[in-house]
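**Q** Position in the sequence shown (from 1) plus 3 gives the number in our numbering.
Errors might be hidden in some of the hints.
[Claimed, not checked] Quick list of simulated restraints, FRET-style, between CB atoms:
(1) Asp-24 <-> Arg-60: 29 to 35 Å
(2) Phe-5 <-> Pro-34: 18 to 24 Å
(3) Thr-42 <-> Phe-22: 27 to 33 Å
(4) Arg-51 <-> Thr-25: 19 to 25 Å
(5) Arg-32 <-> Arg-11: 17 to 23 Å
(6) Met-4 <-> Phe-50: 14 to 20 Å
(7) Val-35 <-> His-59: 15 to 21 Å
(8) Gly-49 <-> Arg-11: 26 to 32 Å
(9) Glu-14 <-> Thr-42: 17 to 23 Å
(10) Phe-5 <-> Leu-29: 18 to 24 Å
Simulated from the structure, these hints should not be mistaken for lab results. Glycine is no exception: its CB is placed at the ideal position from the N, C-alpha and C atoms.
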Amino acid sequence: MFADSKARVHETLAQMRVFLDTSLGLSLRKPVTRVAPVTQGISFLGFRVLSLFSVHRAHS
4 MFADSKARVH
14 ETLAQMRVFL
24 DTSLGLSLRK
34 PVTRVAPVTQ
44 GISFLGFRVL
54 SLFSVHRAHS
């Protein structure tokens, strides 16, 4: 998710956790759920997703 402020991200994340738990019986994994600048990118399905492009990483 993207937001204009870090506070808004934390607020929305808290709302998402409540909805997932109460409505769907699901939870977010804490080790992989993090708040970080978009410039750090994320790893997803073998790709490093950055704000402008993605880089495929080979796994051994």
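**Q** Now look at each hint and say whether the structure bears it out.
**A** Okay, the hints, checked on the actual structure:
Look at Asp-24 against Arg-60: about 32 Å separates their beta carbons, and that is inside 29 to 35 Å. Checked against the hint of 18 to 24 Å, the pair Phe-5 and Pro-34 passes, with Cβ atoms roughly 21 Å apart. Distance hint check: the CB atoms of Thr-42 and Phe-22 are about 28 Å apart, consistent with the given range 27 to 33 Å. Between Arg-51 and Thr-25 the beta carbons are some 34 Å apart, a value that contradicts the proposed interval 19 to 25 Å.
The hinted window of 17 to 23 Å between Arg-32 and Arg-11 holds, with their beta carbons roughly 22 Å apart. In this structure the hint that Met-4 and Phe-50 lie 14 to 20 Å apart at CB holds, the actual value being about 18 Å. The hinted window of 15 to 21 Å between Val-35 and His-59 holds, with their beta carbons roughly 19 Å apart. For the hinted restraint 26 to 32 Å between Gly-49 and Arg-11, the CB-CB distance of approximately 30 Å keeps it satisfied.
Hint check: Glu-14 to Thr-42, Cβ distance near 22 Å, so the stated range 17 to 23 Å holds. Separated by about 22 Å at the C-beta atoms, Phe-5 and Leu-29 satisfy the suggested range of 18 to 24 Å.
Hint 4 alone, counting from the list given before, is not met by this structure.
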